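> Start from the sequences, fold in the hints, and give me the full structure.
Just so you know, the sequences run in chain order E and S. Counting in the numbering used here, the first sequence runs from 490 upward without gaps. Counting in the numbering used here, the second sequence runs from 15 upward without gaps.
Incorrect hints may appear among the rest.
[What the hints assert, rightly or not] Now the in silico label distances, taken between C-beta atoms and shown as ranges:
| # | chain 1 | residue 1 | chain 2 | residue 2 | range |
| --- | --- | --- | --- | --- | --- |
| 1 | S | P513 | E | D584 | 33 to 41 Å |
| 2 | E | D584 | S | K253 | 50 to 58 Å |
| 3 | S | E144 | E | D584 | 49 to 57 Å |
| 4 | S | V416 | E | F632 | 34 to 42 Å |
| 5 | S | S349 | E | M591 | 30 to 38 Å |
| 6 | S | E292 | E | Y732 | 53 to 61 Å |
| 7 | E | F632 | S | P389 | 54 to 62 Å |
| 8 | S | T185 | E | G674 | 47 to 55 Å |
| 9 | E | I515 | S | P513 | 21 to 29 Å |
| 10 | E | L730 | S | V290 | 55 to 63 Å |
| 11 | E | W557 | S | A610 | 55 to 63 Å |
I should point out that these hints are in silico values taken from the structure, not numbers from a laboratory. Predicted model only: the values in this text are computed from it and were never measured. Even glycine gets a Cβ: it sits at the ideal position worked out from N, Cα and C.
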Amino acid sequence: MLDYLVRRLLVMIPTLIAVSVITFIIIQLPPGDYLSTLIAEMESQGENVDVAKIAALREQYGLDRPLWQQYLVWAVGMLRGDFGYSFEYQLPVADVVGDRIMLTIVLNFGTILFIYLVSFPIAIYSATHQYSWGDYGLTLVGFIGLATPNFLLALILLYFTNLWFGTSIGGLMDPSYIDQPWTWGKILSVLEHLWVPVVVIGTSGTAAMIRRLRANLLDELQKQYVVTARAKGLPPMRALLKYPLRMSLNPFIADIGNMLPQVVSGSAVVAMVLSLPTTGPMLITALQSQDMYLAGSFLMFLAVLTVFGMLLSDLALAWLDPRIRLGAGTGR
Amino acid sequence: MTARSGAVPAALTARSLIALTLGAAALVGLAAAPAGAEGRRYVEPPTLVQDVAGLRLPPVAARLPRQPQVVDLAADGKEPGQYGGSLSMIMGRDKDTRQMVVYGYARLVGYRPGDFELVPDIAAAVEVEEDRVFTFRLREGHRWSDGEPFTTEDFRYFWEDVANNPALSPTGPPSELVVDGVPATVEILSPTVVRYSWPQPNPEFLPSLAGARPLYLYRPAHYLRQFHGDHADPAALEKRVSEGRQRNWSALHNRVDSMYQFDNPRLPTLQPWMAVTEPPSDRFVYRRNPYYHRVDPEGHQLPYIDEVVFLVAAPGLIPTKTGAGESALQARYLSFDDYTFLRQSETRSGYETYLWRTAYGAHLALYPNLNAEDPVWRALMRDARFRRALSMAIDRHEINEVIYYGLALDGNDTLLPKSPLYRDGLRERWAAYDPEAANALLDAIGLTERDSRGIRLLPDGRPAEIVVETAGESSEQTDVLELIHDRWMAVGIKLYSRPTQRTVFRNRVFAGKTLMSIWSGIENGLATADTSPQAFAPTDQNQYMWPKWGQHHQTGGAAGEAPDLPEARRLMELYRVWRAVDSRPERIAVWDEMLAIWADQTFTIGLVAGVLQPVVVDLDLHNVPVQGVYAWEPGAHFGIYRPDTFFFGPTRPRTPDSLLTAAVRNRS
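Below, the structure written as structure tokens:
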């Protein structure tokens with residue numbers, strides 16, 4: 490097991506190097522650089538931009554150097570814990586990201602919790618009552634959630650919460666709490682705003698989760714050990730929860746690897762629409778304005794999370810499911 | 015409060031005791047309103063009374079310049095206000111913190127609303143000789159927001175240590191300060207008098223000082239010196255550079271010297287409100303500048319409003335948030351399509367929606383690219399008959415009715431009828447819908463062959479299909495193009511629209527890859543004889559009809575191509591003449607000829623103008639004009655209406671509808 494762990498960790502190094510190179514190249518692919526975006530923007534506002542001054546700025550930002558040099562500056566900096574400098578904000582990347590990470594995590598764990606709480610009971614009910622009216626009805630609700638465009642639902646909910654409850658539109662807290670220290674009032678205000686994005690992002694996730702859990706559970710329920718357990722007179726609830734449900738959970742643990750990066754970048758479009766102070770909108774604007782170090786460091790951070798998430802989920806699976814553990818052992 | 019001053023600990027030094035007596039005198043005087051140096055009485059803003067009492071600030075009379083700018087509220091139709099309140103506005107990005115400089119609009123000289131004349135503001139007086147010699151007299155005792163004196167030393171610092179320092183300005187002084195290659199001669203005549211002069215006239219100098227993004231001739235020298243390689247202690251500077259994570263001291267200096275970006279709370283300012291919040295943030299707070307130089311006729315130091323708050327939200331949400339009453343004054347990020355929604359939410363949220371005129375010569379215009387790469391198309395685009403035919407084939411009335419509820423003004427991209435330079439017929443020249451005439455013109459050019467779809471064939475046999483590129487930011491542009499498509503089909507021209515990303519869009523136009531683009535028209539449709547006619551001559555790469563000619567001018571001939579159409583060359587000559595003459599009749603004559611050429615040549619195909627700008631104003635907010643002009647240049651959006659005179663008072667009665675929508679009726 491230790492041997493396996495070390496090998497996995499070593500493989501991560503070339504993976505991450507490859508990811509960083511690809512990330513950097515992709516960010517540079519669109520024509521122009523941050524400065525050309527800046528000029529476009531200033532001139533569209535009727536501001537005059539001195540051509541020569543731009544050249545001087547380009548030199549100051551190091552944008553006139555060859556690509557590989559820019560890459561090395563960035564990559565070496567990251568090894569030292571320096572994520573580069575955001576052109577757009579004129580601040581170090583670490584300062585720009587700030588407490589957005591925390592709010593993102595709160596939002597996304599809230600969403601995951603919502604998905605689990607809603608989808609588990611529904612999926613279990615659907616699987617045990619397959620092809621009943623209840624199954625069809627709940628499936629329909631799930632599909633409606635999947636089919637409604639997120640941003641539309643978001644706007645509708647925002648408008649009516651403002652109309653009915655007076656909640657301020659957009660954001661994760663009342664404007665008066667922004668940049669204030671954390672107090673009870675602030676936490677309550679966050680909770681008051683949090684449920685709209687949680688429901689909006691959650692509805693689409695819920696439908697997918699219901700279908701997957703239902704299918705997995707149906708597979709298990711038809712297996713012989715379940716039949717045997719029932720035949721032996723095990724209470725139906727116990728016969729359901731003790732083994733079949735646990736078995737059908739495997740894919741969700743395998744999913745943790747994908748979930749971690751979603752926690753950071755996820756729900757970007759909804760966050761854009763709702764103007765949430767999370768990392769998604771920041772990543773999108775950084776990509777749009779070609780603020781390359783900010784975008785690059787974000788993407789690298791996501792890559793690191795994915796790689797570690799995969800490792801974690803593999804380890805958790807092996808630990809949870811003896812079959813995987815033993816299978817791996819005999820294979821070697 | 016007198017009791018508070020009495021309770022000062024005994025351990026005070028002699029110096030602060032003197033200050034204390036002064037402060038106490040001012041406090042006693044407050045009840046009876048203190049007398050200023052010129053015998054004027056000034057009122058201490060209530061939020062600052064505590065600081066004055068605690069000796070953290072000198073009293074108001076000592077903070078104001080010896081001769082503050084007294085604002086004639088009555089002349090602007092405004093009422094005297096009261097102190098207090100927090101003005102919230104919504105912005106789309108962190109970067110919009112610079113809007114505070116735009117709205118604050120404290121300039122050396124500023125435009126006056128109505129006639130757009132330049133009047134002194136920060137400067138007490140400006141003397142101009144032959145448009146060559148400009149002498150600025152500052153206000154004695156004027157101070158920066160940190161209490162340090164604002165003198166001609168700040169001008170000297172900018173000119174010698176910033177504009178002419180090779181590390182800070184590798185390209186030399188700003189182009190506005192260089193006329194025909196000769197930089198200004200700057201003379202510091204006294205601590206309050208400074209003179210700029212050139213051998214040739216520089217008529218664009220004063221307007222650039224009054225701009226929404228102004229040319230700053232001064233810098234807070236006492237603050238910036240600590241970041242300057244020639245003045246700061248090298249060891250301390252080294253430390254600052256590495257703490258600020260900058261490459262060298264010049265990068266650091268440029269970073270902290272953000273007079274316009276307004277994102278450095280430590281940088282002293284002369285604006286009515288000073289930045290408090292350190293970026294990045296979603297909420298920016300600006301507090302009153304205790305040393306601001308303007309007072310109302312009753313001696314209240316402006317601004318009336320203590321605090322301005324910018325909330326940052328996604329641009330798409332801003333109309334909804336405004337409708338929910340989260341902004342007390344909003345126009346940015348609102349557009350005319352939001353008007354019905356905004357009106358509907360008025361009662362619920364306690365605001366009203368004004369409609370201000372905009373100053374664009376055309377809200378949207380088509381730009382045939384005279385520098386197109388394709389030789390066949392380029393020849394066609396340069397043929398005035400072709401441009402006129404395309405213009406006459408557009409039914410502007412239809413666009414106006416379908417997209418703008420008939421509330422816009424159709425016609426060419428030129429000056430608006432309100433401009434004193436406007437002449438009858440300029441907007442209508444070659445702009446009336448006349449498909450027969452358009453067809454006849456196209457036939458006359460020789461585009462007589464047609465393919466099976468009825469589309470005319472170019473001389474080399476290709477069908478006449480024009481791709482109009484848009485920056486892809488609003489569906490409005492594509493909707494308009496859709497309408498034009500149908501009308502052009504009738505004369506045998508096929509139109510395709512192609513949205514791209516803004517940077518790509520511009521680079522394609524510059525390179526001549528784009529045949530035609532759609533964008534807003536002339537920025538300042540309300541020009542006067544003293545406004546530079548620069549936009550009507552090939553002077554800028556951003557003139558999408560002739561980007562290469564513009565680039566040629568901008569780079570002094572180093573890049574781009576020299577204009578080769580006689581009419582464009584004539585426009586360029588006239589622009590040079592305008593810069594050289596200094597009498598008003600001569601300038602009007604130049605303008606007249608330029609406008610006539612412009613209209614006759616149809617260099618750009620204007621569509622509609624005068625699309626109105628909704629301005630949402632809280633019912634408790636006073637002194638915002640019901641009718642105004644919403645323009646970036648000249649106007650700085652709210653700037654020329656002086657937000658420092660806006661105030662929160664008793665709820666106003668609603669303005670009658672007839673006044674609210676008056677702008678719709680008397681646009682022309």
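> Which earlier hints turn out false for this structure, listed by number in ascending order?
2
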